[in-house]
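S.K.: Quick note on the working numbering: the sequence shown kicks off at 1 and runs consecutively.
Just so you know, the hints here were simulated from the structure itself, not pulled from any lab data. We treat Cβ as the ideally placed atom computed from N, Cα and C, and that holds for glycine. Take these hints with a grain of salt, some might be off.
Derived DEER-like restraints, expressed as beta-carbon distance ranges [said to hold, decoys possible]:
1) 40 / 6: 28 to 36 Å
2) 53 / 2: 27 to 35 Å
3) 32 / 75: 27 to 35 Å
4) 75 / 2: 17 to 25 Å
5) 49 / 27: 27 to 35 Å
6) 101 / 16: 27 to 35 Å
7) 40 / 16: 27 to 35 Å
8) 45 / 5: 16 to 24 Å
9) 28 / 75: 20 to 28 Å
10) 52 / 29: 18 to 26 Å
11) 29 / 75: 35 to 43 Å
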Amino acid sequence: MRTVDDLADVRTGDKGDTLILAVFPRTDEHYELLTRELTVEAVAEHFAPLVTGDVRRTEMPLVSGLVFELPGVLGGGVTGSPVLDGHGKCLSYHLLSMAVGE
Numbered sequence: 001m002r003t004v005d006d007l008a009d010v011r012t013g014d015k016g017d018t019l020i021l022a023v024f025p026r027t028d029e030h031y032e033l034l035t036r037e038l039t040v041e042a043v044a045e046h047f048a049p050l051v052t053g054d055v056r057r058t059e060m061p062l063v064s065g066l067v068f069e070l071p072g073v074l075g076g077g078v079t080g081s082p083v084l085d086g087h088g089k090c091l092s093y094h095l096l097s098m099a100v101g102e
């Protein structure tokens with residue numbers, strides 16, 4: 001079983017209570033595979049039940065990247081959340097653990 005971690009690097013950020021995940025595959029082949037595998041539905045399911053709205057995905061083919069916006073995951077945002085990781089930096093590891101491919 002392969003995971004996102006085998007194929008890409010992930011950076012996170014925040015906008016209010018929305019988690020922003022940027023996925024940067026290491027090769028063109030990995031970009032093609034992850035573009036197929038990391039659908040809005042698959043990523044939303046991987047982060048359920050934290051997601052409170054529609055997940056959005058933006059493809060960035062010129063830099064071989066995918067950007068996901070996951071509303072509600074940060075539980076109120078940096079200043080409003082009681083969790084230790086209000087920016088969601090640790091949540092990049094959660095996406096890296098997601099199984100992909102055959």
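S.K.: Hint by hint, say whether it matches the structure.
M.R.: Hint check:
Between residue 40 and residue 6 the CB atoms are about 22 Å apart, so this pair departs from the stated range of 28 to 36 Å. Checked against the hint of 27 to 35 Å, the pair residue 53 and residue 2 passes, with Cβ atoms roughly 29 Å apart. Hint check: residue 32 to residue 75, Cβ distance near 34 Å, so the stated range 27 to 35 Å holds. In this structure, residue 75 and residue 2 break the distance hint of 17 to 25 Å, their C-beta atoms being roughly 30 Å apart.
For the hinted restraint 27 to 35 Å between residue 49 and residue 27, the CB-CB distance of approximately 33 Å keeps it satisfied. A hinted range of 27 to 35 Å holds for the C-beta pair residue 101 and residue 16, which are about 33 Å apart. For residue 40 and residue 16, the hinted distance range of 27 to 35 Å is not satisfied, since their beta carbons lie about 20 Å from each other. At about 18 Å, the CB distance of residue 45 to residue 5 agrees with the hint of 16 to 24 Å.
Between residue 28 and residue 75 the beta carbons are some 36 Å apart, a value that contradicts the proposed interval 20 to 28 Å. Between residue 52 and residue 29, the C-beta spacing of about 34 Å breaks the proposed range 18 to 26 Å. In this structure, residue 29 and residue 75 meet the distance hint of 35 to 43 Å, their C-beta atoms being roughly 36 Å apart.
Hint compliance for this structure: hints 1, 4, 7, 9, 10 are not met, and every other hint is.
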